[in-house]
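Asks: First to last, the protein sequences are chains A and B. Just so we're aligned: the first sequence equals residues 696 to 793 in this note's numbering. Just so we're aligned: the second sequence equals residues 5 to 466 in this note's numbering.
One or more hints might be untrue.
Here chain B is said to cover these stretches of chain A; the calculated rule only asks that three of the stretch's residues, wherever they fall, bring their Cβ under 8 Å from a Cβ of chain B [said to hold, decoys possible]: (1) 710-720; (2) 767-778; (3) 781-789.
Hints are computed from structural coordinates only; laboratory data are not their basis. Heads up, the beta-carbon is just placed ideally off N, CA and C, and yes, glycines get one too.
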Amino acid sequence: MDFINQHIQEIYFVIFCVFIGIEVIANVPAILHTPLMSGANAISGVILVGAIIVMLRVPADDYLNLTLGGIAVFLGTLNISGGFFVTGRMLKMFSPKK
Amino acid sequence: MYAIIEIGYLVATLSFLGGLKFMSSPKNAKTGNLIAAMGMVLAVVLTFVAAITATVPYTNLIIMLLAIAGGTVIGRRLSSKVEMTGMPQLVSLFNATGGGCAMLLGLVEANQMDPVTTILGNKILLIAGLITGAIALTGSIIAERKLAGKVKDRRSKTVIFSARILLGLMVLLPVLYFIGIIPIGFTAFMYILATLAMVYGVLFVLPIGGADMPVVISLLNSITGIATAFAGFVYGNKAMIAGGIFVGAAGILLTILMCKAMNRSLLKVLAGTFKKSKTGAVEEEQEIKEISVSETALSLSFAQKVAIVPGYGLAVAQAQHICGQLQQLLEKRHVGVDYIIHPVAGRMPGHMNVLLAEANVEYSHLKEMDEGNENMEQYDAVLVIGANDVVNPAAENNPDSPVYGMPIIRVYESKQVIVMKRSMGKGYAGVQNDLFGLDNCSILFGDAKASLQEIVTQLKLI
């Protein structure tokens, strides 16, 4: 119950996000489904925010967790940078040509 | 200060939503991507600003900055090197990195938090994020290996059975742990769960067939999104929750779409089963008309409207560029050319459109299946290249056929169909194609790329 009390706002938020997300994404034409997927993939890299938060809290002599956290930050960044760059590259091909 | 950071996260969340919204038209999509990317940079910078205090050790900062720099550079390099045919592999790989990040985050966080004061709900969220992240990590890696042709399907009973046992364990163990039956520390327990989930990820993707890959990568994409949302809950960070949920929604939507386009239920895809052709259905002898390259070139040049139905065979033959040339030649002769694209043409949702866009085909010529079907009678000639099951009329009128019920491109309604085929082999589903026996259908045998090249040469002469 504590959990519900603490998180009721987030629960509302999640429900709204689900509906808005579906509404927006259903409008994307089939032509753009691949860039949609890789773009969405890049957005899921926002997990990096969590990795940064936890990384700054690890004690400086806890080498195991520093390593794991470092890899987490690396992977998250890779997800974001690769995802957005590759989506951009694909979408460039779709822009109208002169 | 706190308010500024919260507003920053709000802006980032809106930018994700706006970015996805802009994706609804090819013209604006590039801007959308840029907006979402800027939102992401904002979110990351804000997190830094908010979390950095004087007490943060230098070691952590240095490791983190190195990791970010490395990730950015390598991500950029990977994305600029990839061939468009290799896009599904790359997207799977990036998906794996997201999942890996979520899993490691769960492990490190479990170590940092106080197991006594942390409430049960947060522990469950952490476990959920860890498990989904780990599944997305190894599942995506196996999917990538399969798409690259390095790993074969393993449809053995043991694999499927073990996968189910693991799935059960991953639900059961946390319950037992929280009741207090398993007497180990929370961190150690998390390591065990992560291992189980990683093994499950492998076993879950192994039995799934190559043709079902578009479904699987959409699903894995959505799992990563859900992992992100779980983590966002733990930190109470709305940008993470929203980002994760949007990705989850996109993934689920594409998964459903792909399942529909193949007329497969998600459960059957995941179980790795394939509908068998009913025994007793006798394969009828087909009378097949052959057509030569010059005849093909002639009928194309005298047509007013031509449709091209590309399948993955086109991409395998690397023939999309010659296809683009053919279109330009025909357009010079005032022949209208459209491409009609089945949702499952390619190895991931929308893949064929990207391949054609790379070959300089403008998006106004790319028609979706329904639009193509509505105007099918107007096409004087339809060229089917490297596609088979998606134009098989048996899907509509033969309930015994394994492809029955799958939505198809009704090329048989056009005035003339020319199918380019290497040999009389069957399609991915291993089914006889009734189209080939129809009166308005003829077959041009040969390698797709070589034949297209010859047609282009002939057209230049006519």
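Asks: Which of the numbered hints are not met once you compare them with the structure shown?
Replies: Per hint list: zero violations.
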